[in-house]
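K.L.:
With chain B held as given, fit chains C and G onto it using these hints.
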Amino acid sequence: MMNRQESEQLLQCRNLVAGYRIKSGFVHAVDDVSFDLERGGFLGIAGESGCGKSTLAFAIMRLLKDNATIENGSLFFKGTDLVGLREEEMKKIRWVDISMAFQSAMNALNPVLSIGEQLTDVIHAHGEVRQSEARDRAIEALKLVDIPRDRFNSYPHQLSGGMKQRVMIAMALILNPDLIIMDEPTTALDVVVQRTIIEKIQELRKSLGFSVIFITHDLSLLVEISDTLAIMYAGKIVEYGNSDELFNMPLHPYTIGLMNSFPSLTGKITRMGGIEGKPPDLLNPPEGCRFHPRCPHAMDICEKSCPALQKVDPRHSVACFLHKGAENL
Amino acid sequence: MSGDILVLEGVRKHFPVNSLRRHGKFVHAMDDISFSLRSGEVLAIVGESGSGKTTTANVISRIYRQTEGSVVFEGRELSGKMTRTEELKYHKRVQMIFQDPFGALNPTRTIGRIMERPFVIHRIAEDRKAVSEKVDSTLTQVGLEPPDQFKRKFPHELSGGQRQRVNIARAFAVEPDLILADEPTSMLDVSNRMSIMNMMLSLKESHGVSFIYITHDLAGARYMSDRIIVMYAGMIMEIGPAEEIITNSFHPYTKLLKSAAPAPETGLKRKPLITGGDIPSLIDPPNGCRFHPRCPFAKEVCSLEIPPMKKIGDDHYARCVL
Amino acid sequence: MFRDVFSLFIENRKALIGLIILAFFSIVAIFAPLIAPYDPKTNKVEVLSIVEEEIGRTKTVEREEIDEFTEKRVYTQSITTTYEKVTTKLPLNAKPSRNHLLGTTRAGQDLFSQMVYGTRITLAVGLITGLFTTLLALTLALVAGYFGGIVDDIISLFTNVFLVIPSLPLMIVIAAYITVKGVIPIVLILGLTSWPWPTRVLRSQVVSLKNRDFVRVSRILGERPLYIVFREILPNMISLVMASFFTSTMAAIMGEATLEFLGLGNVSVVSWGTILYWAQNSGALLSGAWWWFLPPGICIALIGTSFALMNFAIDEISNPKLRKR
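Just so you know, the protein sequences line up as chains B, C and G, in that order.
Counting in this note's numbering, the first sequence runs from 1 upward without gaps.
Counting in this note's numbering, the second sequence runs from 1001 upward without gaps.
Counting in this note's numbering, the third sequence runs from 2001 upward without gaps.
Isolated chain B (complex conformation) (with noise of 0.2 Å):
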């Protein structure tokens, strides 16, 4: 039953497990994911290669096709789960209330297409309009993200790779969704561009009022931009929370290790440290705490069992035995 304060939450994971099933087993790519977002909010998850964090996006959207799927949890948006909906049903929520703008759009935009047509073509999937109102969202849109009209008609080769992406974005809001996905949506830009699309986004945001799950490896913008952040690590949430705790008070050694590997623009020059290691294969984790391989902290206890994320103040958990959990075992 939801009560009132919860129903406050746009987006609420509970718990959800989701992977790929192949010959040799399965992979446990989500692994127990928990976390809230609220109206408005902007939610990063941090994390590289490997840990989950597209799977995540692909599970929330309930697109995760053949051997992909969620085997348990529960995704409540706007009171509803996601999880359990059918198909024809997540159609009606899928880009009308949740929308997602994919990583590369180099590759997501059909290049035999104009832009003004896959726009429309948008619009047109998602109930009847007639071809000139439609058009004229599709302008609208794309003035939003700061493309001209005289664009509608270019195929996307002809446009920077900044400009594609606006296009991108132009797409996830053209239904005026609650939530936008955004996974490593400015990765392959230039750092100048990037700041564009991010200010925009902010923008919009401000003006349109939705919320955002903003998925990246680079935790330096992700402090920057996000209100809460979580750090995904081997399919799971090490470190949640207000980004500005997150920042000034890091407690994971993976948080802390990964605040470590971005050198900074001011203060003082000092080596730092990085992360030895690599990350984990999925289909057979470690025993005990995912991270301790790497961990310049682990102990025996973190060797055999796995601590779950436990809040150490209001806004901030940690799935860490150095921090919390160890006391009951």
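Heads up, some of the hints might be wrong.
With a cut-off of at most 25 Å between alpha-carbon atoms, the simulated DSS-like pairs for lysine-lysine come out as follows [unchecked claim]:
1. B:Lys268 to C:Lys1258
2. C:Lys1299 to C:Lys1271
3. C:Lys1258 to C:Lys1311
4. G:Lys2210 to C:Lys1089
Quick caveat, the hints were computed from the structure, so don't treat them as lab data.
P.N.:
Using the frame of chain B, we list chains C and G on its own:
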């Protein structure tokens, strides 16, 4: 200047455009590139796509010949045609590390075979056994131990970080005087980047190598280098000591780069970018200063002629009329 | 590395089927004399036996007709030896039977034997031409692709010009005009008209490989161009070269059959194409002698299929996305 290992003077590189429609046109990848690299220093070239930074590296490593201008290495000017002996001597002194760790390794050969080549080509070791020992010691130096385990593997069996270590090992194998590193960490996982950067720095110390470090990341440039060159649309916009460039950026483009870079410390205090716009086409670059269409401080003279490099401070120059 | 590719190839079902078909025909070709019951060109069977050996016998010649097809002759030769020769004429235009698995031609030749011996010519021409074309194309592609510049321009110009000329009419014209008829001219004609396509394909691959970072690294390390071409670029092209070879061989087999069928080869050589030529010539289609034209047609199609299957397998191996899970 003595102590300069490499001097570029007025280097220009134009590529002909291969299409019927635009016949006779050129891609102005590098224009009026002049700088010097001091012995033992790390010089970072910072720029976005289309800035000409990779072309510069390709010209220095002789993948391309410059259209105009001179490249002087260790006091000798590199001429267009070199004999085989001269080429070989040059390649022993100047090496390059590429951005894509996997692309730089031949997928059909083992790491052992790949690592043998530098020693064999330059006759650094004479017989099989000596070569093998050299390979072992080089792999150990970059942290790939035990070497025997890695020598048998193929590139696709290694992780990204490990592959890049092999590339670095290969570049250092010939004991060069100059190494060009073209965005060596941008395709690696974040947690690997720091150790690779640190490794390059310590190898540089132990081998006494000069470095040209190419990157789009200003913070990374600050971490790694002594001096920074900022390039835009094929031209140098600013050059100076790393700390100077960052704390006292002069050129509006440098300021733009700095304000666009992620800086978690600023958080909410961040100001919006001073300008928008896109990188110009290199086939028809803007007249005059190439940044002027986007420059919030542009004057009329900026669209008429290219500003010359002007001295701003100690060892600090910028191409700007301000 | 190559062992891996080889085992991947064998494991692929399509490749296996293709390989089995090819192996089957190869065995038939190699052991043709043991498999074929009759001489392919003959229309009779002669059994010779010695009746008597005695000095001083007078010459004897006797002739006896045993039945419609068989005749017995007894004759003396070399003064001393008397032979008995039983000649059995093979039936003309006969349907398949126990004696003649694929029946006979209008001239009384056993088709099964013709098919068996014909395998030799077909396979030999196909494989030799395929090899010749592929080697020629590979050499041109490596030179043009790696060295670029004016060398590339010239070779590409030639390639493109020859590419545009329709190969079949060209083949027919050349074959019609040359005086020497035979298998070798066929190999040359086929080879010299089919090299442009693989050259183009292989050259593109060389160019794209040349621009890969690992080749650049080799250049910067100071490798010699020849080493780079053979040890860096070529090993990365193996699957494409194999695919080229299979395609060229397939085209050569078809081409050979076509030329022979049109009578432009040496029509007295027994190959599947000439079988079809004679079938056509003798109105086999009209007279309903299906055993004459169907077997060569089916076998050509089978061999073509085997190479096509092996080509698909190579596609699947080089592009892992195509592999079935």
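K.L.:
Next, verify each hint and record whether it holds.
P.N.:
Right, here's what the structure says about each hint:
no.: 1; hint: B:Lys268 to C:Lys1258; result: holds (17 Å)
no.: 2; hint: C:Lys1299 to C:Lys1271; result: holds (24 Å)
no.: 3; hint: C:Lys1258 to C:Lys1311; result: holds (21 Å)
no.: 4; hint: G:Lys2210 to C:Lys1089; result: holds (23 Å)
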